[in-house]
Structures are given as structure tokens and as C-alpha cells.
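A.B. asks: What follows is the residue order along each chain.
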Amino acid sequence: MAEERNPMAKTLGESLRQSGVSRRGFLKFCSATASMMALPPTMVSAVAESLEKAKRPSVIWLSFQECTGCTESLTRSHSPTVENLIFDYVSLDYHHTLQVASGSAAEAAREAAMHDNEGKYLVVVDGSIPLGNPGFSTIAGISNLQMLEETVAGAAAVVAVGSCAAFGGLPHAKPNPTGAVSVSEIVKDKPVVNVSGCPPIPTVITGVLAHFLTFGSLPELDSLGRPMVFFGKSIHDRCYRRPFYDKGLFAETFDDEGARKGWCLFRLGCKGPMTYNACATTKWNQGASWPVESGHGCLGCSEPDFWDTGGFYNALSIPDSDVIRNAAYVVGAGVALGAAAGALNRRKQSKAASKHETVTIDDLDKKS
Amino acid sequence: MSTSVDFLLWVRGPGFDIALVVFLIGIVIRLLEVLILGRKPDFAEPRGAELGAGLRTLVTRTLPEQGSFRRSPFTVVGGYIWHIGFFISLFLFIPHIELINATIGLSWPGIASNLVDAVAAVTIVTLVAMLFSRMSHPVKRYLSGPEDYLTWLVTILPMITGYLAYHRMIDPYPLALGLHILSVEILMVVFPFTKLMHAFTFFIARWYNGAMAGRRGVQS
Amino acid sequence: MSEATLERGMNAFREQMDAPIASFFSSCVNCGMCAEACLFYTETGDPRYTPINKLEPLRRVWEQEYTLWGKVKSVLGLSQPVTDELLEEWESLIYDGCTLCGRCSMVCPVGNDISYMIRHAREGFVAAGYSPEGMKGASRRAVTIGSPMGVKYPALAAQIKHVEADSGLQIPVDVEGVDYMALLSSMEIMNFPEYLEALARIFKQAGVTWTISSEAFEATNAGIQIGSSDIARELVNRVVVAAEKLKVKYVISPECGHAYTAIRWEGPNLIGRPYSFKVVHILELLDELRASGRLKTEGMDETRLTFHDPCQIVRKGGVLEPPRNLLKMVASEFVDMHDAREMNWCCGGGGGVSANERAEELRLKVFKRKKTQLDELNVETLVTACANCRLVIEEGLEEYRMEIPVVGLTEMLAEHLVEDKSE
Numbered sequence: 001m002a003e004e005r006n007p008m009a010k011t012l013g014e015s016l017r018q019s020g021v022s023r024r025g026f027l028k029f030c031s032a033t034a035s036m037m038a039l040p041p042t043m044v045s046a047v048a049e050s051l052e053k054a055k056r057p058s059v060i061w062l063s064f065q066e067c068t069g070c071t072e073s074l075t076r077s078h079s080p081t082v083e084n085l086i087f088d089y090v091s092l093d094y095h096h097t098l099q100v101a102s103g104s105a106a107e108a109a110r111e112a113a114m115h116d117n118e119g120k121y122l123v124v125v126d127g128s129i130p131l132g133n134p135g136f137s138t139i140a141g142i143s144n145l146q147m148l149e150e151t152v153a154g155a156a157a158v159v160a161v162g163s164c165a166a167f168g169g170l171p172h173a174k175p176n177p178t179g180a181v182s183v184s185e186i187v188k189d190k191p192v193v194n195v196s197g198c199p200p201i202p203t204v205i206t207g208v209l210a211h212f213l214t215f216g217s218l219p220e221l222d223s224l225g226r227p228m229v230f231f232g233k234s235i236h237d238r239c240y241r242r243p244f245y246d247k248g249l250f251a252e253t254f255d256d257e258g259a260r261k262g263w264c265l266f267r268l269g270c271k272g273p274m275t276y277n278a279c280a281t282t283k284w285n286q287g288a289s290w291p292v293e294s295g296h297g298c299l300g301c302s303e304p305d306f307w308d309t310g311g312f313y314n315a316l317s318i319p320d321s322d323v324i325r326n327a328a329y330v331v332g333a334g335v336a337l338g339a340a341a342g343a344l345n346r347r348k349q350s351k352a353a354s355k356h357e358t359v360t361i362d363d364l365d366k367k368s
Numbered sequence: 001m002s003t004s005v006d007f008l009l010w011v012r013g014p015g016f017d018i019a020l021v022v023f024l025i026g027i028v029i030r031l032l033e034v035l036i037l038g039r040k041p042d043f044a045e046p047r048g049a050e051l052g053a054g055l056r057t058l059v060t061r062t063l064p065e066q067g068s069f070r071r072s073p074f075t076v077v078g079g080y081i082w083h084i085g086f087f088i089s090l091f092l093f094i095p096h097i098e099l100i101n102a103t104i105g106l107s108w109p110g111i112a113s114n115l116v117d118a119v120a121a122v123t124i125v126t127l128v129a130m131l132f133s134r135m136s137h138p139v140k141r142y143l144s145g146p147e148d149y150l151t152w153l154v155t156i157l158p159m160i161t162g163y164l165a166y167h168r169m170i171d172p173y174p175l176a177l178g179l180h181i182l183s184v185e186i187l188m189v190v191f192p193f194t195k196l197m198h199a200f201t202f203f204i205a206r207w208y209n210g211a212m213a214g215r216r217g218v219q220s
Numbered sequence: 001m002s003e004a005t006l007e008r009g010m011n012a013f014r015e016q017m018d019a020p021i022a023s024f025f026s027s028c029v030n031c032g033m034c035a036e037a038c039l040f041y042t043e044t045g046d047p048r049y050t051p052i053n054k055l056e057p058l059r060r061v062w063e064q065e066y067t068l069w070g071k072v073k074s075v076l077g078l079s080q081p082v083t084d085e086l087l088e089e090w091e092s093l094i095y096d097g098c099t100l101c102g103r104c105s106m107v108c109p110v111g112n113d114i115s116y117m118i119r120h121a122r123e124g125f126v127a128a129g130y131s132p133e134g135m136k137g138a139s140r141r142a143v144t145i146g147s148p149m150g151v152k153y154p155a156l157a158a159q160i161k162h163v164e165a166d167s168g169l170q171i172p173v174d175v176e177g178v179d180y181m182a183l184l185s186s187m188e189i190m191n192f193p194e195y196l197e198a199l200a201r202i203f204k205q206a207g208v209t210w211t212i213s214s215e216a217f218e219a220t221n222a223g224i225q226i227g228s229s230d231i232a233r234e235l236v237n238r239v240v241v242a243a244e245k246l247k248v249k250y251v252i253s254p255e256c257g258h259a260y261t262a263i264r265w266e267g268p269n270l271i272g273r274p275y276s277f278k279v280v281h282i283l284e285l286l287d288e289l290r291a292s293g294r295l296k297t298e299g300m301d302e303t304r305l306t307f308h309d310p311c312q313i314v315r316k317g318g319v320l321e322p323p324r325n326l327l328k329m330v331a332s333e334f335v336d337m338h339d340a341r342e343m344n345w346c347c348g349g350g351g352g353v354s355a356n357e358r359a360e361e362l363r364l365k366v367f368k369r370k371k372t373q374l375d376e377l378n379v380e381t382l383v384t385a386c387a388n389c390r391l392v393i394e395e396g397l398e399e400y401r402m403e404i405p406v407v408g409l410t411e412m413l414a415e416h417l418v419e420d421k422s423e
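Residue numbers (the numbering used here), protein chains in the order written: chain S, 1 to 368; chain F, 1 to 220; chain A, 1 to 423.
Since the hints were derived computationally from the structure, they do not count as laboratory data. None of these values were measured; they are calculated from a predicted model. Just so it is clear, CB atoms sit at the ideal spot from N, CA and C, and this is done for glycine as well. Treat each hint with caution, since some may be false.
Claimed, not checked - List time: in silico EDC-like cross-link candidates among lysine to aspartate or glutamate, alpha-carbon distance up to 20 Å:
#1 A:K278 with F:E147
#2 S:K351 with A:E65
#3 F:K195 with A:E65
#4 S:K366 with A:E91
#5 A:K73 with F:E147
#6 S:K28 with S:E49
Unchecked claim - Label-pair distances were calculated between CB atoms; the ranges are:
#7 S:F254 with F:V77: 45 to 55 Å
#8 S:I324 with A:S2: 52 to 62 Å
#9 F:V77 with A:R324: 39 to 49 Å
As the list claims (entries may be wrong) - Pulled from the structure, derived: some chain A residues nowhere near chain F, Cβ distances all over 12 Å:
#10 V72
#11 A158
#12 K161
#13 S167
#14 Q205
#15 K247
#16 P274
#17 S292
#18 G293
#19 E395
#20 V407
#21 E411
Given these sequences and hints, build the entire structure.
C.D. replies: Right, here's the structure in full:
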């Protein structure tokens, strides 16, 4: 199986046609990809040409402290779609949830892919890396940290898929018992793309890969290392319920009239204003719906530390403390201190009165 | 790891608690310091009642006396615009109402956020104009000391950071929000130690003014 | 012999502090609007005359000694102390540059009663020895001679004789058990004896029983002006003793602004108890007589005239309607100035400024405010109800070469009295 051993030998176009994907279907995918990446329509043919000629890159998928939700997201996107197909045509050489091989054979596949594609392969990571104790998460006796470091060494680039890999995610949530960190905390000398989300949108994952295949480079990133194309605007700014926010029309509970009328979910804790992701435009499950459309506020899952920012049903700015109780104590203390300060003032006042020397016409002048 | 969310969590957590403590204790102390001083009994036979006249002045002093308005229109109009703009931004912006509702359980209807946005822009511009006026008008320039400029700064900062956060001009968003909350906390901390206290003591001042004049039969 | 010291001044500042003053200082935002209400600023353009600025020494005492934060600040050396130099510099602002007219107190947006604070701040200045020579002299004369102008009873007795001879009326002196005891200002005794005659004629017609006390005829109170409660108390007490000795029901405050403030509003607090008599302003009394039909006039003055509201009687005294009610009885062409009643502009000589010789140039300069008001109206006569305003205005008119006669309202009414038929 020389072909299997060297996936870069066949171009993407050849593979697709072998699998029965028509030219038309391929172009459809290209234009979808182009529009997703916010490229002008004139670029579709360029995308198609590049993809046609692209060699299937080797991809090594590492799963660390994760829930497999990211993989689920990818595989549960209803097939057959072109997005799914293209995934068949990267050479996914190591993915311990999906691969048939196990044990030392699996590890051997990883090592072989690394060796054969030195400097060219992509590493996709889901899950965070525990720094607290290497034993918290190991694969084949290798700690996550060690595996990441050695796998990344020869990679062209790293894609951190999901909020755990991108920002630490749930394992990193306070008190972070495993000392979980994100990929970019460890990988400093390779380009890292963060495709955050819990889980991330499947088309966004494939879009990043498509970009890499098309242009041989990584897309433009925001300050958090996320592709601008998908994470450039907030959920709030692209939300179809935004006009209700601007008019001040809010659902107060999940079953009131406002909720039925599809009003803004801000008062129910929607994190749309602080969350950057493409849910509002790409939607989920083949464009069927997305959280806000289904009537629930955005949780902010593609943002760092979204687990730690308070209740999902509270606005982001809400103070953590029990303000009323604290205020009561504080005002109580204030009254005590104020009464003391007031008493000092009164004493000063009356002391001055007792020290008063009657002013007479004989002492209007100052001596000297 | 210190991220923007950590910063937000700090300003929203311990930062807010500290600011609240300083703000509330400070205000209560300042008010009691004033009120406990009291007044000497007035043995002069009154011509009018103090209470009604005091309460009336409390309200009527909100409008400028005609002649003063003509003589310092900029101070009056500018003062109105930015005070009203500040209060609209503070109390009618939906996320602020939400915050108040979540912390103390009081809620009221807000107004459209793009309207608040416009009001905030006008308020900021007016505040800047007020600063220029303070630096150029002979009386204001003469009277003003560091405290006047400090209070101006801590007043405009929440407006500016709020404006930047709303328009996502600071990245990432939790940092923008955190800076906004921090600027409000600075305002709260500075408040009791400066003339910002007038927001509370003017009630007392107007009442005394009106009451003392009302006792003599004059509506001040 | 004791002397004025900074320490006594500071003690007086501390003693004066009360809740209103603390609330006022807490509320000031340096908006500068009080400047526009003060004729010393509007006519000079000098920002030092901004009313709230005149209180800087008292403000420092408040901040440094009556606020917790201010105490911390002064411990840290962040605040400037009140010194002799400061008081010396501010003396001219708080005495020469303020007539206690109270106009600023009407416009302050946060409600600060600035003139109330000036009155209290002067207590500290006088105790520290920083008050104008002219006002010191007036105080000494008031205490030793009985009148700031040095008028003793024999001078009044001579004037009484004159008036009695001219009018054929009797001026009652030291009559016990009458209803009213009239006070006079020494300015009226020396410069405007017409007032005394007017009183006699009006009271005769109205059947008011009254008297003058030979022991306490002086209404003015130099202590109020210089800002010393101790001196003011001594002077007020003379009136109280005389009124209680003569067992009168009322004491009449004459056409003099600060005298009304002194005897009506400050007096009871100076002696620390309510009076056993009531104090009325002459205009209040006349208005009462008018209302009950006991004051009858005839003829109308048809010259175009206006009324200058004396600050202490109107804005700070509450005698708002009587002057206008009375003027309407005798004047058909009465017009009000642009800023009238409680918003009237001061003549520039109240609050002791007219007794302060060194302030004369400034006083004449700020008189331009009154001149502007009068120019707008184009009146032939100016009526007022304060002998001090009257004198200051006459001097101002002369300075600016304006030919407008100034008349006292009481005299004007007396001129229109219905002649008694029995005579």
C-alpha cells in the first residue's frame, strides 16, 4: 500500500474523482470554501485550481485532555457533504478515536507520518495539556506534553481545535487541578491556529485546512490566534436578533411572550456581545440552526476562560459578590465611622466655642 | 497566566468589592460629617416655613436663574448636556440596567442602544468642551486646581472606555469590558474624597439654602 | 489688653463651622457661575472676586479640620495652611469686594448660600485682626459713642426739635407702654431727617402709638458688618434692653438694610433667646396700615420712577411685596428694573463697604452695574428704602454725572398723606 504510505503522492483532485465526486460538486465546494474565507467570487477558480493540484497533506491528530466533542462535531456533520469528503482526502495518519490501528501500531503510524513528511505535515490538537503532573494524561505511556513536543517538532503548522486546545478550555477552568494549558502555551516556534469553540464549527475546521491546502499558508489571525475570516465579528454583531436588542425588546424568561416572539436573549445571559465566532452565519447541523436561533443565549464557548466568567444566565459584567449584603455591612461600617467623624467634628466645634475669647473693640487690631 | 478574562474577573470581583467599600463608606462618612455638625437653633421669629421652601429650592435650583443663563450660557447648557447624557448612559443603557437588576434587583425600561451610543458621543464631546472651557474661561481657570482636573478625568474615563467597549475598539472584548469596569471603580474610589460628592451633598446644600431663605420669606 | 491673633481667627473659623457651610463646601464644583451674579466680578472682570473664591480661608479650615480626608491630606502635607499672609490677601476680597448682598446665593446651581458663609467667615477675619480700618472705626464709635457715625443723643434731640418746629408734630421720646418703638439709622438722623418727620405724620394719621428711646435709637449695627457677633450682640442688646424697658410690642426697623438683618434676623440668635417684642420693618408696618385702610394717600406722582430693592430688606429680608404695594398708592409710572426684587443688583455699598474708605474706588467702579440698570429704564426718579443704599447711589450717580433724584419710600408716602381735616 505504497499509496497509503505516501499520501502526498496523489493530488486532491485525483482522489476526489476516484471517490466519485463530480467536477460540479468539487466546484461547489470550492465556491463555498471561497465565500467562507471571504474571498471574492473571482477567486473560486483559483481555489479550485489550487485544490485540484494540492497534494493530500499528512495530518496527525492528537487528542489530550478532551471530551472527543471536537471530533464528534466534525464527524457528525451530516454526510455525505463535500466537507466530509475532503476530510477523507487529507491523509489523516493518526487519530486515535478514528484509526483502526491501536497500541504500538498506532504509535508507529504516527512516527512514520512524522518521518515521511518531515517539515510538511499538519498537527491538529484537541484537548489541553496538563502541566501539573505528566501522569494526569498519557497515551501509550507518553505524557501529553512529551507527545506534543516531539510531534510538533517536525510539523509545518499546528491547528488547535476546540477551546481546550486553543485556550485550555474546561480542564483549565478554576481551580485547574491538572495545570492544564493551551497548545500555544507550549508551542512557540511553529505557527499555531486556534479554532476555538466547544465544540468548534466543523466547516471552520475544514475551512482552515482548505486554506492551508489552497494557499499553502495559514489564514490571517486575530489577537487570540483565530482565523479572522470566521472569528472577525462578534455573535452579537451578526445575530439576527440584534434589531430587538437595539429596540430594547428582550425575553425575560425562556417561556414568556418575548421568548416566543424571538426577542433578544441578552437578559437571559447571552454572551453574544463578547463572543467571536461564525455560528450566526454558518450555523450548525448543515445550517439547520444555532443556539440563539433555538432560543438559548450564546455561552461564549469560543472565548478564553468562558467557564470562569460567571453564570451562563448572567451578563458578563455582573459582580461576583453579594452586593446587597456587602453594601449593608459596608454602610453599617460607614455609619459607625461617620458617626465617629461627626462626633470629632462636634467636639472641635464646641471646643472652639469654649475657647472663644470675646472680641471687643479693643482687640480689632493686630500688634506689630 | 494572566489573560484579559483574569483581568475582567479581578475588576468584577475583588476590584469591585474594594471600590464598593471605599465608595459607600466614604459617602456615608462624608454625609455624616456634614449632617452631624448641625445648625444652631434659630430664635428669630420665622416669616415662612423652612420645609416647603427648602424642598422647592431643591427642585427649582435645577433650572438656571435667567440672568445667569444669559451670562454663562455655555456653562449652563454644557452642564445640562453632559449631566443628562451621563445619566442616560449610566441608567438607560440596557446592559447597565441588567447589571443593576442582577446586583440589587431593581429594573426599569431602557432605550435603544444606538441611541445611547449617540448620547454617549455627545456627552464625551461636551465633556471635552467643558475641559476647554475650564482651561480658558478666566473664572474657571482661576478657580480650578488639580482636583477639578482629576474629577474631570475620572468622569470622562468611564464614558470613553464604555464607548470603546461598545464599539469593540479595544481587543479582546473582556479587556475592553474590564477597562470600562475599572474606570468606573476608579470613579467610585475617587468619589468620596473629591467634589464629586456634590452629587449627594447638593441635596443638603439646596435644602439649607432654600430653608434659610424661606424662613425669611424669600423663595431662593 | 488683648489683641487679635491668627489663633483667635482660626478658632473663630472653627466655631463658625456648621452643617450648611460643610454641605456648601462639599458641593462646590468650581463652575464659576456665582461670578456672573456678583457685581464685583461683572464690573471688574477680576476672577478673584468670584464669590466662592472669597471663602478660600474658611474652605481650607473646613477641608483640613472638618473632613477625614482633609485631615489625612494635611498630615501628608498635601494641603496649604491658613496663614496671616493668606488672611491679609483675602481681607480685601471679603470686605472690600463683598457687600453680603446674597445675589450669588440665588444662582448657585448646587444651592450654596455663599453670602451666609461670607458672613461667618468675617468672624474669623475680625478675630485674626484682618478687617478694614474704616469698619474698625465704625465699630469703635458704635460701641463707645452709640453710633457708627458718632451721633449722640443730643444730636438727635436737636433734630427732633427741628422736626417738631417744622411740622408742628410731637415726636414721642421714652414713652412707656406704647405699641411701637422706632429705631433710626444715624444716616437718617444726619442726612435724611425727612424720615423722622414722615414717621410722625404717618403715625399720627394712622393713630399708631410710638416712641423713640433716648437710650437706643440707633438701628445700625457695625458688628454685623465687620462680622463680629460679640460686638453685634452688644449693640443689639442695647435695643432689646430699651424695648423691654419701655414695654413696647413692636420695634420698627427703619429704612436701613443691614439694620433689619441685625435686629430682625440675627438679634435673637446673638442674645440667645427670642425677643419679648416683635420686629417689623417700616415698610411692612406701612403696608399693614395700607391694607387696613389706616394709611390714606392722595395724588399720584406721575414721573417715571423705579424702586431699588435694598438687598438686606428684600432678598435677604423677605420684605418683597410691601414696597411695591405702597409705591402703587402714590406713583402711576412705576417701572421695575430688569433684575428686580430678589434678583436686584446691589448698590455696591452694603455689608460695610460704604464705611470702608479704602474701598471707595472699587465701590464707584462696580456702581456701573446700577448705572446700566438705570440707563435701560430711563427713569426720572429712583425710590429706595435704605438710607445707606440712598447715599451710595447718590454718590454713584454724581460720579457718573447722572441727574436722578433718590427718594426714600417712607418720605414719598408722607408727601402724599391725606391732610388731617381736624387741623
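A.B. asks: Each hint needs a verdict: does it hold in this structure or not?
C.D. replies: These are the hints, each one checked on the structure:
{"no.": "1", "hint": "A:K278 with F:E147", "verdict": "48 Å, violated"}
{"no.": "2", "hint": "S:K351 with A:E65", "verdict": "13 Å, holds"}
{"no.": "3", "hint": "F:K195 with A:E65", "verdict": "17 Å, holds"}
{"no.": "4", "hint": "S:K366 with A:E91", "verdict": "13 Å, holds"}
{"no.": "5", "hint": "A:K73 with F:E147", "verdict": "13 Å, holds"}
{"no.": "6", "hint": "S:K28 with S:E49", "verdict": "13 Å, holds"}
{"no.": "7", "hint": "S:F254 with F:V77: 45 to 55 Å", "verdict": "46 Å, holds"}
{"no.": "8", "hint": "S:I324 with A:S2: 52 to 62 Å", "verdict": "58 Å, holds"}
{"no.": "9", "hint": "F:V77 with A:R324: 39 to 49 Å", "verdict": "33 Å, violated"}
{"no.": "10", "hint": "V72", "verdict": "9 Å, violated"}
{"no.": "11", "hint": "A158", "verdict": "34 Å, holds"}
{"no.": "12", "hint": "K161", "verdict": "36 Å, holds"}
{"no.": "13", "hint": "S167", "verdict": "33 Å, holds"}
{"no.": "14", "hint": "Q205", "verdict": "27 Å, holds"}
{"no.": "15", "hint": "K247", "verdict": "18 Å, holds"}
{"no.": "16", "hint": "P274", "verdict": "5 Å, violated"}
{"no.": "17", "hint": "S292", "verdict": "19 Å, holds"}
{"no.": "18", "hint": "G293", "verdict": "23 Å, holds"}
{"no.": "19", "hint": "E395", "verdict": "25 Å, holds"}
{"no.": "20", "hint": "V407", "verdict": "25 Å, holds"}
{"no.": "21", "hint": "E411", "verdict": "25 Å, holds"}
Taken one by one, the earlier hints fail for this structure at numbers 1, 9, 10, 16, listed in ascending order.
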